[in-house]
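Visitor: As you go down the protein sequences, you meet chains A and B in turn.
Going by this note's numbering, the first residue of the first sequence is number 1, and it counts up by one from there.
Going by this note's numbering, the first residue of the second sequence is number 1, and it counts up by one from there.
To be clear, the hints were calculated from the coordinates, so they are not data collected in a lab.
Every value quoted in this text rests on a predicted model; they were computed, and no experiment measured them.
A portion of the hints provided could be inaccurate.
What the hints assert, rightly or not - Pairs of lysine to aspartate or glutamate residues, derived as DMTMM-like cross-links and limited to a Cα-Cα distance of at most 25 Å, are as follows:
| no. | chain 1 | residue 1 | chain 2 | residue 2 |
| --- | --- | --- | --- | --- |
| 1 | A | 424 | A | 313 |
| 2 | A | 385 | A | 212 |
| 3 | A | 131 | A | 55 |
| 4 | A | 385 | B | 100 |
| 5 | A | 385 | B | 55 |
| 6 | A | 347 | A | 429 |
To be verified - Label-pair ranges, simulated between beta-carbon atoms:
| no. | chain 1 | residue 1 | chain 2 | residue 2 | range |
| --- | --- | --- | --- | --- | --- |
| 7 | B | 132 | A | 9 | 28 to 34 Å |
| 8 | B | 136 | A | 8 | 34 to 40 Å |
| 9 | B | 54 | A | 399 | 44 to 50 Å |
| 10 | B | 99 | A | 434 | 40 to 46 Å |
| 11 | B | 23 | A | 214 | 27 to 33 Å |
| 12 | B | 132 | A | 312 | 54 to 60 Å |
| 13 | A | 252 | B | 99 | 54 to 60 Å |
| 14 | B | 102 | A | 425 | 48 to 54 Å |
Positions of the beta carbon are idealized from the N, C-alpha and C atoms, including for glycine.
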Amino acid sequence: MGNGAIILLMTACFLGFGYMGVPVAFALMAGVLAACMFTPISMQSMIGQMFHGIDSEILLAVPFFLLVGELMTSADVTNRMIRLAQTMVGHLRGGLAQVVTLFSMFFAGISGSSTADVAVLSRTVAVEMTKEGYDRAFTAALIACASTMANLIPPSIMAVVYGATGNVSIGGLFLAGIVPGVLIGIGLMIYSHFFGPVGIRKPRASLCEFADAARASFLPLMIPLIIMGGILTGWFTPTEAGMIASVYILVVLIPLLNRKHVPNLPRDFVYTGLLYSLPLALVAAASAFGWMLAYLRGPDIVSGWIELIAGHDGRIIMLLLVLLFIVIGDFMDAVPAIIIFMPIVIKLNELGNINSLHMGVVLITTLVFGLITPPYGLSLLVASKFVGVRFSRAMFASLPIYVVFFITIAFTVLFPDIVLYLPKLFLPESVGCFKSPTGAGYICPSG
Amino acid sequence: MILSGISIAGFTLSVFCDVVTREIGRPWLWLQLATTGFFAWGVFIGMAVATRRLDHLNLVEITKGMSGPKRSFMEIVNRLVILAVGISMLVFGFQNALNDMGSYRMPSLIPLATYTASVPISGALICLFCLEQIINGWRHGFEGPEDQDDFAGIK
């Protein structure tokens, strides 16, 4: 059996079992084990590869960013940030829709999980939006779209996984994700203002009310500073920054802001313990799948196809990869997609001489779009469930909002200088710059 | 589930102690080993627990839209696929763990098997939970109250 046929068999097993209802991690492993029967690779080494897939210190950051989101959500500290968002944008046209977007931008700086964002917004603002007469389908669509920012604005779990598998600076990916994340936020606010429901117009909050809300949310909003400050000053690794943020919530925020929650903390740990194993089980299975794909020379086959169309033009290669990842994101979760296709991405980076950090942020932005597209739009599925509306209705309501994502992806591809401005400023090495031999400043690659 | 909670609490504590001991200039190198141990065991035990609680991520929960013998057939086929992967994790993971008895992690010289044993144990639990679900489903059917929600996505 040729390599191409084995890759097809492996992919067919994965997609076939996956769409029959087998959990993704097991469907991936079933595909790998089926491929083992036609190659000299032993099943024993593939099971070993599952362990090696998660045996990475960088991936330790994932549970901490999930723990931070879970602790903030269950301790109900997020209400203060919602109030702050209300005082800032609640008076605008479509006030609550604006609050959803602004709060998501705040929350994205604390949690790396879109699902946590959806859970918070569905429990709080969505109820108010329904009372004010917003269409439930619009509410679910907006919450799902806004929650995608959690995977762009640091800390981002997708960035951690991408950095760990692609050997790209995680701090650099965090910083590079800020521009597309904020662009999505601004795009959603513009969309809600001009095309969303009007809602009930409220008076503008006074300066005192704003100051009061800002003071109340000062402590929770320190978390992004702790995480990014620690990483940028080189004091912590991303894992340690996540741990410091968790300890800060446990020792400072919860005792000061919601002491009643202390007896429930063991429940939060137990729940997060289960929650973090889900994406990491995917990482374990996907790394075995990706290894087998690389062994079967999958990257060479795909890069050969792309080279036929794009030659060595980095921008066209990137656009083709964006198209490929839009399709992939429709059918599978972002974490296994990153790991499985990483060998192909690395090969194409070399082919088109593309900056790996730029490619990373473009692909993460593209995969984030997959969270709201059918059939596997995880954020939209969860939001429609929590808000209580059929998935198909939420999907139709989200269709016009796709424009915001298309514009953001195009911007990220076409304007690397703007997207990579922050990493170049704070972590020049992450963009490929190196210290000048004279000791004054950095020398950076052009383009 | 409690073991999952212990694992995340354990490695939060070990990373915390790692940072503190490093900052005071007396690093405990074994803490990093403890951290990765808690982490790996947490992932694989959590994988088994999620199998029992049906918490794993699915592409589409197509079976929730079915009922009767069709549903039973699909659910059993799905469980058999999971069972096959679980058996592979148990058998081949056990062989890997035996091989890893002779490999050690530096600097503490702990056998690598103390980490990799998490794979066959997870495999054994996955097999047990799968068999439990097949037997219960065979006796009482696979339909449950959770099927009523709209989370099944596209039906």
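Visitor: Against the structure shown, which of the earlier numbered hints fail to hold, in ascending order?
Guide: Checked against the structure, the hints that fail are numbers 2, 3, 4, 9, 13, while the rest are satisfied.
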